[in-house]
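Engineer: Next come the chains, spelled out residue by residue.
Number of protein chains: 2
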Amino acid sequence: QIDHFGFDENRTFQQRYLVADQHWKKDSGPILFYTGNEGDIEWFCNNTGFMWDVAEELNAMLVFAEHRYYGESLPFGNESFSDSKHLNYLTSEQALADFAVLVEYLKMTVAGAQHSPVIAIGGSYGGMLAAWFRMKYPHVVAGALAASAPIWQFGDLVPCGTFFSVVTNDFKKSGTGCSESIRNSWKAINHLSSTDAGLQWLSNTFHLCSPLKTLQDAVILKNWLSETWVNLAMVNYPYKADFLQPLPAWPIQEVCKFLKDPSLSDKLLLQNVFQAVNLYYNYTGEASCLDVSQTATKSLGEMGWYYQACTEMVMPLCTDGVHDMFEPSKWDFDAFSEECYSMWGVRPRLSWILSMYGGKNISSHSNIIFSNGGLDPWSAGGVTRNISNSLVAVVIPDGAHHLDLRSRNPLDPKSVQQARAMEICLMKEWIEKARHSH
Amino acid sequence: QIDHFGFDENRTFQQRYLVADQHWKKDSGPILFYTGNEGDIEWFCNNTGFMWDVAEELNAMLVFAEHRYYGESLPFGNESFSDSKHLNYLTSEQALADFAVLVEYLKMTVAGAQHSPVIAIGGSYGGMLAAWFRMKYPHVVAGALAASAPIWQFGDLVPCGTFFSVVTNDFKKSGTGCSESIRNSWKAINHLSSTDAGLQWLSNTFHLCSPLKTLQDAVILKNWLSETWVNLAMVNYPYKADFLQPLPAWPIQEVCKFLKDPSLSDKLLLQNVFQAVNLYYNYTGEASCLDVSQTATKSLGEMGWYYQACTEMVMPLCTDGVHDMFEPSKWDFDAFSEECYSMWGVRPRLSWILSMYGGKNISSHSNIIFSNGGLDPWSAGGVTRNISNSLVAVVIPDGAHHLDLRSRNPLDPKSVQQARAMEICLMKEWIEKARHSH
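Quick note, the sequences are listed as chains U and W, same order. Read in order, the letters of the first sequence correspond to residues 1 to 438 in the UniProt record's numbering. Read in order, the letters of the second sequence correspond to residues 1 to 438 in the UniProt record's numbering.
Take these hints with a grain of salt, some might be off.
The list makes no distinction among identical chains, and a pair is therefore deemed to hold if it is satisfied within one copy or across any two copies.
[Stated by the list, open to error] List of simulated lysine to any residue pairs, SDA-like, C-alpha gap at most 20 Å:
| id | residue 1 | residue 2 |
| --- | --- | --- |
| 1 | K360 | S437 |
| 2 | K360 | Q114 |
| 3 | K85 | N389 |
| 4 | K433 | S388 |
Because the hints were derived from the structure by calculation, they are not lab data.
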């Protein structure tokens, strides 16, 4: 159903989902249901090794459901992003309804699945969806593992600056002079971008695919750099990995090797900054130039997420340059709203997500694990303390963005091994209870 | 917000709500929040004496919120019912979102209300809304009293025939020959309506405002009579009352005084049936003729409810003429769907309400009282057994449709007095708990 919440639009669309049932025990084995987030479901399927690792132990069927408007699950095909009319059905509520209807469909049509307990699993926005799925449809899912889900990064539930101070701490811890070098880089760019010669020097030094021509282009360069530091904080994994980009183990430590001396002259400092970001964008050595319009894998649906951020998923973020290494930037809702209106023809609603999902008042729900990595900037908006016996927080001090959802690895820190063990233990409890109650 | 679940329609509308705060204790007293159903909120306000009776004891503020598309809360004014585009926002989900946003608005703007525990109260469809409000927005309401709420009158959760067998039992118990007389009346009408003379006799005998002209008109007459018997079952109160119509105490007993002999000839039988329905429609003696297009107060929004029944609120009902006193009539979804499509341009979705609100799998929720009257046909789809310690069923054997929500009356049977006492006790518990948790 394209619109679950209205009856005037009665058309349907095809939602993609992936199933792996080689370890599933008919009639009793549970279903681990990945609540797809803002991207191609195959990519998430290939980056959620945890589910594959536990399938045998739990005799579980794995289902990966693609989120509407991403990957191949486009309600109006190529027209899906054409205007605000076609985008109207891109909301978390519609996505959760898709998931609920899909689970019920599977239970009805897959022989032996009728009484299988279902557990929702997701990371990041998908982690929010997993938690919200359990909150809103507890009759459909027995519990949820919400990994690195910043369900409190809304309204004024958490300070808007914490996110960037977590990023900054990651760099501070990873090498002497590192965060200071980045903090000093903004002024250096500002100096150089005030002249044409400086802009050209920047374009050459950063090996940019399209040269910078105006002061506005320099702002884009700075935003691109900021996003790069944020992304590095998200994927600061303890082993070689390829999530947003192919990277070595502990990539921030590698990056910081180039950023030891914050007191260098503008040009020397920025040459080092280039070396640092080049490690992120060109670890394989295949990039002939760097593209400031792209910071991560193309498997993520940036357009869709931009629309969602411009409607329900408004996450206030800010920097002050003191508690973080970024240029000071206040959270400006009005400016953001204008940007959204000119881009999509819609306005964000700040408080709706709080009205809908309860903000911090979620204690009457049950069976949700909120896991967060101490290195992950999104932990700033995450649930990092137990709310009740059955709303449990798991903190992984050495973990970046949903490290626990990744495949087991010999280089895994103990904290993530313990986190996974606890998650499996709780999931088993939910499965047992669901079986008995049936 | 006209559309809570989409951002393309960004207009707002004015929702009416009534507030009574003369007994409210600022800063600690609770809010009793009436979840308005399919009608004018003033009418519900005047027919929910229970809330007025307990306001002082609980130091409570009363709020009566009007349901969108009813009374004066019309999203598009006079255009609201013009077509399926304008009707698109008439759903229970939108109504619940209205309620959630309204409660949050009141808490933010009424001095001393910020930490007031809120309890949802409603009857019939409003009772369903109260229960669903607690299920979906437990962060907004601490508990719900769902009076005569047939939340299971959907899909195949209960047999479709029970509803009419409850009606039949009410008549059976209220006078010898009563239900038999009604069961025999259908054939009598069928005989008479096969000739023009017979149709005219029926029109005269029933004092109809517009005479019957065709066989199809006779079907309308029979449907009108059926609805009248159902309505009598709903308002079979132990004292003189004016809910759907002004009526004496125990109206079915009064009606049955005319229906003692089921073996009379067609015409004599139907003359008695007229006397019976005339008591329902003309107890005040003011009606000069009877109108087969109207069976209850005009304060109910029949158009709106018809649309809702044609979309989400599909309640399968059927009769067999054996376990009930009605003409046999199977539940025919396809025919109903066609009727809905020609009337409103929309098709009902049978299973959506089950996917959304969980059907019988609601045990993970808490703090809901489901009260049901043994005389009320809607109890057939109600929750009449405890589901858990905090999902409590209250049965009132001598009660009709949400008798417990009516004002205290000297003629109240003991069962409803006990029911109210229990409801108050549980509400006090919820209020206490909510205070402590805050």
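Engineer: Could you work out which earlier hints the structure fails to respect and list their numbers in ascending sequence?
Structural biologist: 3
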